[in-house]
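Protein chains in written order, with the numbering used here: chain B, 1 to 310; chain A, 1 to 257; chain C, 1 to 341.
No lab work stands behind these hints, which were simulated from the structure alone.
Do not take every clue at face value.
To be verified - In silico BS3-like cross-links for lysine-lysine, where the CA-CA straight-line distance does not exceed 27 Å:
hint: 1; chain 1: B; residue 1: K189; chain 2: A; residue 2: K105
hint: 2; chain 1: A; residue 1: K246; chain 2: A; residue 2: K24
hint: 3; chain 1: B; residue 1: K4; chain 2: C; residue 2: K240
hint: 4; chain 1: C; residue 1: K110; chain 2: C; residue 2: K70
hint: 5; chain 1: A; residue 1: K67; chain 2: B; residue 2: K189
hint: 6; chain 1: B; residue 1: K189; chain 2: A; residue 2: K123
hint: 7; chain 1: B; residue 1: K189; chain 2: A; residue 2: K99
hint: 8; chain 1: A; residue 1: K105; chain 2: A; residue 2: K153
hint: 9; chain 1: B; residue 1: K189; chain 2: C; residue 2: K70
hint: 10; chain 1: A; residue 1: K105; chain 2: A; residue 2: K144
hint: 11; chain 1: A; residue 1: K36; chain 2: A; residue 2: K200
hint: 12; chain 1: B; residue 1: K189; chain 2: C; residue 2: K38
hint: 13; chain 1: B; residue 1: K135; chain 2: C; residue 2: K74
hint: 14; chain 1: B; residue 1: K189; chain 2: C; residue 2: K40
hint: 15; chain 1: B; residue 1: K135; chain 2: C; residue 2: K70
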Amino acid sequence: MKCKRQLSGMIFEWTARSFTLISMIALITILGVLFLKGSQVITWEFLTSEPLDGMTRGGIFPAIFGTISVTLLMIILALPLGVASAIYLVEYAGTGFLARTIRAAVNNLAGVPSIVFGLFGVGFFILFLGRNIDKVLQTGLLFGQPAMLWAAATLSILVLPVVIVSTEEAIRAVPLSHREAAYALGATKFQVISRVVLPQSLPGILTGAILSVSRGAGETAPILFTGCAYFLPRLPVVTIPYLNIPMINPLDQFMELSYHLFIMATQSIDAQATRPIQYGTAFVLITLTFLLNLSAISLRIYFRRRHKRR
Amino acid sequence: MESSAGNSYKIETRSLSYYYEDHKVLHSVSLPIPDKKVTAVIGPSGCGKSTLIKSVNRIGEITSQIKVEGEVLFNGENIYRPGVDVVELRRRIGMVFQKPNPFPKSIYENVAFGLRIHGITGKEQLDSIVEQSLRQAALWDEVKDRLSESAFKLSGGQQQRLCIARALALDPEVILMDEPCSALDPTGTARTEETIQVLKSDYCILIVTHNMQQAARVSDYTAFLNLGRLIEHDLTTNIFTNPKNKLTEDYITGRFG
Amino acid sequence: MNYSLSDEIKLPPPSSREVAGLSLRNVDLRETSRRRLKLKVQEFFIEKFLFLNGLTSIIIIALIFIFLFKEGVKAFTEIKPFQFIGTHIINFSGQEVFAYIWQPVGEQGKYSLAPLVLGSLLVAIPATVIATILGVGSGVYLAEIASRRRREWMKPVIELLAGIPTVIIGFLCLSFLGTAVQNLFHTSFRLNAFVGALGVSLVIVPVIATITDDTIRAIPDDLREAAYALGATRWETIWKVLIPAGISGITASIILGMGRALGETMIVLMATGNAALVTLDIFSSVRTMTATIAAELGAVAQGSAQYYALFLVGATIFTFTFFLNLIAEVVINRMREKLKL
Numbered sequence: 001m002k003c004k005r006q007l008s009g010m011i012f013e014w015t016a017r018s019f020t021l022i023s024m025i026a027l028i029t030i031l032g033v034l035f036l037k038g039s040q041v042i043t044w045e046f047l048t049s050e051p052l053d054g055m056t057r058g059g060i061f062p063a064i065f066g067t068i069s070v071t072l073l074m075i076i077l078a079l080p081l082g083v084a085s086a087i088y089l090v091e092y093a094g095t096g097f098l099a100r101t102i103r104a105a106v107n108n109l110a111g112v113p114s115i116v117f118g119l120f121g122v123g124f125f126i127l128f129l130g131r132n133i134d135k136v137l138q139t140g141l142l143f144g145q146p147a148m149l150w151a152a153a154t155l156s157i158l159v160l161p162v163v164i165v166s167t168e169e170a171i172r173a174v175p176l177s178h179r180e181a182a183y184a185l186g187a188t189k190f191q192v193i194s195r196v197v198l199p200q201s202l203p204g205i206l207t208g209a210i211l212s213v214s215r216g217a218g219e220t221a222p223i224l225f226t227g228c229a230y231f232l233p234r235l236p237v238v239t240i241p242y243l244n245i246p247m248i249n250p251l252d253q254f255m256e257l258s259y260h261l262f263i264m265a266t267q268s269i270d271a272q273a274t275r276p277i278q279y280g281t282a283f284v285l286i287t288l289t290f291l292l293n294l295s296a297i298s299l300r301i302y303f304r305r306r307h308k309r310r
Numbered sequence: 001m002e003s004s005a006g007n008s009y010k011i012e013t014r015s016l017s018y019y020y021e022d023h024k025v026l027h028s029v030s031l032p033i034p035d036k037k038v039t040a041v042i043g044p045s046g047c048g049k050s051t052l053i054k055s056v057n058r059i060g061e062i063t064s065q066i067k068v069e070g071e072v073l074f075n076g077e078n079i080y081r082p083g084v085d086v087v088e089l090r091r092r093i094g095m096v097f098q099k100p101n102p103f104p105k106s107i108y109e110n111v112a113f114g115l116r117i118h119g120i121t122g123k124e125q126l127d128s129i130v131e132q133s134l135r136q137a138a139l140w141d142e143v144k145d146r147l148s149e150s151a152f153k154l155s156g157g158q159q160q161r162l163c164i165a166r167a168l169a170l171d172p173e174v175i176l177m178d179e180p181c182s183a184l185d186p187t188g189t190a191r192t193e194e195t196i197q198v199l200k201s202d203y204c205i206l207i208v209t210h211n212m213q214q215a216a217r218v219s220d221y222t223a224f225l226n227l228g229r230l231i232e233h234d235l236t237t238n239i240f241t242n243p244k245n246k247l248t249e250d251y252i253t254g255r256f257g
Numbered sequence: 001m002n003y004s005l006s007d008e009i010k011l012p013p014p015s016s017r018e019v020a021g022l023s024l025r026n027v028d029l030r031e032t033s034r035r036r037l038k039l040k041v042q043e044f045f046i047e048k049f050l051f052l053n054g055l056t057s058i059i060i061i062a063l064i065f066i067f068l069f070k071e072g073v074k075a076f077t078e079i080k081p082f083q084f085i086g087t088h089i090i091n092f093s094g095q096e097v098f099a100y101i102w103q104p105v106g107e108q109g110k111y112s113l114a115p116l117v118l119g120s121l122l123v124a125i126p127a128t129v130i131a132t133i134l135g136v137g138s139g140v141y142l143a144e145i146a147s148r149r150r151r152e153w154m155k156p157v158i159e160l161l162a163g164i165p166t167v168i169i170g171f172l173c174l175s176f177l178g179t180a181v182q183n184l185f186h187t188s189f190r191l192n193a194f195v196g197a198l199g200v201s202l203v204i205v206p207v208i209a210t211i212t213d214d215t216i217r218a219i220p221d222d223l224r225e226a227a228y229a230l231g232a233t234r235w236e237t238i239w240k241v242l243i244p245a246g247i248s249g250i251t252a253s254i255i256l257g258m259g260r261a262l263g264e265t266m267i268v269l270m271a272t273g274n275a276a277l278v279t280l281d282i283f284s285s286v287r288t289m290t291a292t293i294a295a296e297l298g299a300v301a302q303g304s305a306q307y308y309a310l311f312l313v314g315a316t317i318f319t320f321t322f323f324l325n326l327i328a329e330v331v332i333n334r335m336r337e338k339l340k341l
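Just need the whole structure built from these sequences, with the hints factored in.
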């Protein structure tokens, strides 16, 4: 009798183990296929030159540049907002109705489908905010059309929950004893936050920022209509007059890795001919996101260990 | 009861009742704490001694909802009056906690922290106050060559003396100590007690301890608390040789607690 | 002598440090008062600033709500509500039939939501089923069966699955998985709901696996010890004690996964064929609500009936996922209450 129970138990356990393996095999297959087919195309020129001949030759540099630009802009918008929100939530809001509402809003924001963000980006940022800014500033149709600024804004509200949650976690990890010691020395609330809590939370905040950038680089739906273009003759860069410094132009459209892959795979004239470049683009994109994710995870582990030593 | 120079005590609680989240922890405690002396508060676990000491620098308020009846006087003024600047109050009353809690900064920066938040930034001034505070805490000789090292490299006893130095940097008028030696080994404890004896000539010291021998060694006056009530308060020698209350005698002789 | 703490610093007798000039006590009184006032003003403004930041999450989610529904409701002014179910058309045989067609472009736009909703469900439900089997199995394995060292690297690997950009999964479905499935199952449509469901399940498995793993690990050891003490095998403990104990968390993860599946856009856009057919055949090409918005928003004219209809579709999908997330949160909160006891 006992043998039968143990046997069936083992079978079930092996089933569970194999389910886990299936997931991991899927991951490895994906990475493998991308690596095998994508790395063939990767050369220095591929990474640094423009696409040619309807994307059948050339490189994807503008897409890489655009991805970096838009995620940079996104994190500039999302990080201060998210960190400040988290500080308010932990240090000032307590447990009352307001705190619970804010937390519910953050959770909801995290569950919004990405295309809804895209819809919101078009309807609110471009058509409402942008057109009204144009009206007020008399700039014609400058703000009221797809631009990197609006794509970055849309992405930033998508990643806001990531920033808020990881910052909150990092702030809460600071032990009460450190805060008590600071208060006992006559520090004001903001001094405790800025001199004791935030410095200790920086690693966690950094992890959240890196995860957000990874997420932002990988999302396509929010930027489909808010600023991406399939092919642009020049980079979204503008030179500031007088100072002669080149700067990213947030009001320009831009090329982007995930968007590029999407259009190439679904709408290029000769999908087979562009297939190698599709794999190359996918490979670059996944390398980027994976490196970011891995560094965020390693940071988290490293700082958790350092914390334990205390 | 003797008082120090002047008509009022440095700190005095008058019929102080203290509520932690609607739970009454102290019942009408009236305790005078004279200047330039060490007053010890003893009593079994849960008697309210930590609460009492935390009511003096109002540090209990940062985590919980509290309610206060009665008064706590500091230099004759009730610190629970509306409009009292709590930040300023805490600058003038220093606190050392049960478990040493240095900041994750260098030894120097730990001591200088209080000075920086109160606007002192000149390097020379910081250097001299940091040195003086570390000397007062009997730590200077051990750390003078490694001020920029992390505070966590110090032993438990050294960390606690660092916390004392950190509190001393602001030259407070009162030093509160919440079971300062309970997390230390005998050597650390001995060193800390020595420091307390030296400090009392300049400061008013209130120390909470569950170790009666320590109270007997270190303090001039002792207060015995039980279940939130002040049972007896007298010169230490009187409390330990000739207690007037039976409860006090029972606690001291180890019949409970 | 009547000093007040809030006005000046009182002057106790000088300490030895003051005498040596090493004390804060003999700092200029006016200097300190001015500084304290400045700090108080700073504190006030900082708190208000942080408060406004804290409100932004609420403001943003409210704005999304308002905008979606505001524009979505306008669809009812241009399109009769009945039309969102179906329209009367004349079919090829000349008969008048009631058809469920989504075809906004053309002289008579047709706005039946039926094919879109069915399409979303035809992808999301199988995807959730597959992901539940794989995810709960993985979660249980990680929590109870795997050794600590194995778990340390296996769990991050599964979480990495969640970090793959969905466009890449869609791309692989399009270029590679679709053909494989067609060869295996001899489907008529290379890109269909099943391929989409496979792709979507890859994204949901980590969600269900990690929450299941966390839930089971949070179950206190006394339950395990009680079961083992009665002579249960490890699997019996898992199946009869732990999973029932953690059923709220597991259910919540499945609900969350379903919400995620419904909201998924890029994979379905690339892998399901995008034909707005009303069908229950999983190997048929379908079009989901999300893919519809993604496919048509770029070409639509602002203010047209189709424009508002797309917002209505967006509002619909938002409502679905909102309620699913809400239910999941309620379930998780109830579980937390139970565990506290």
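Taking the hints in turn, this is what the structure says about them:
| no. | hint | result |
| --- | --- | --- |
| 1 | K189(B) with K105(A) | holds (19 Å) |
| 2 | K246(A) with K24(A) | holds (24 Å) |
| 3 | K4(B) with K240(C) | holds (17 Å) |
| 4 | K110(C) with K70(C) | holds (21 Å) |
| 5 | K67(A) with K189(B) | holds (21 Å) |
| 6 | K189(B) with K123(A) | holds (25 Å) |
| 7 | K189(B) with K99(A) | holds (22 Å) |
| 8 | K105(A) with K153(A) | holds (11 Å) |
| 9 | K189(B) with K70(C) | violated (42 Å) |
| 10 | K105(A) with K144(A) | holds (16 Å) |
| 11 | K36(A) with K200(A) | holds (5 Å) |
| 12 | K189(B) with K38(C) | holds (14 Å) |
| 13 | K135(B) with K74(C) | holds (24 Å) |
| 14 | K189(B) with K40(C) | holds (10 Å) |
| 15 | K135(B) with K70(C) | holds (22 Å) |
When each numbered hint is compared with the structure, a violation occurs for hint 9 only.
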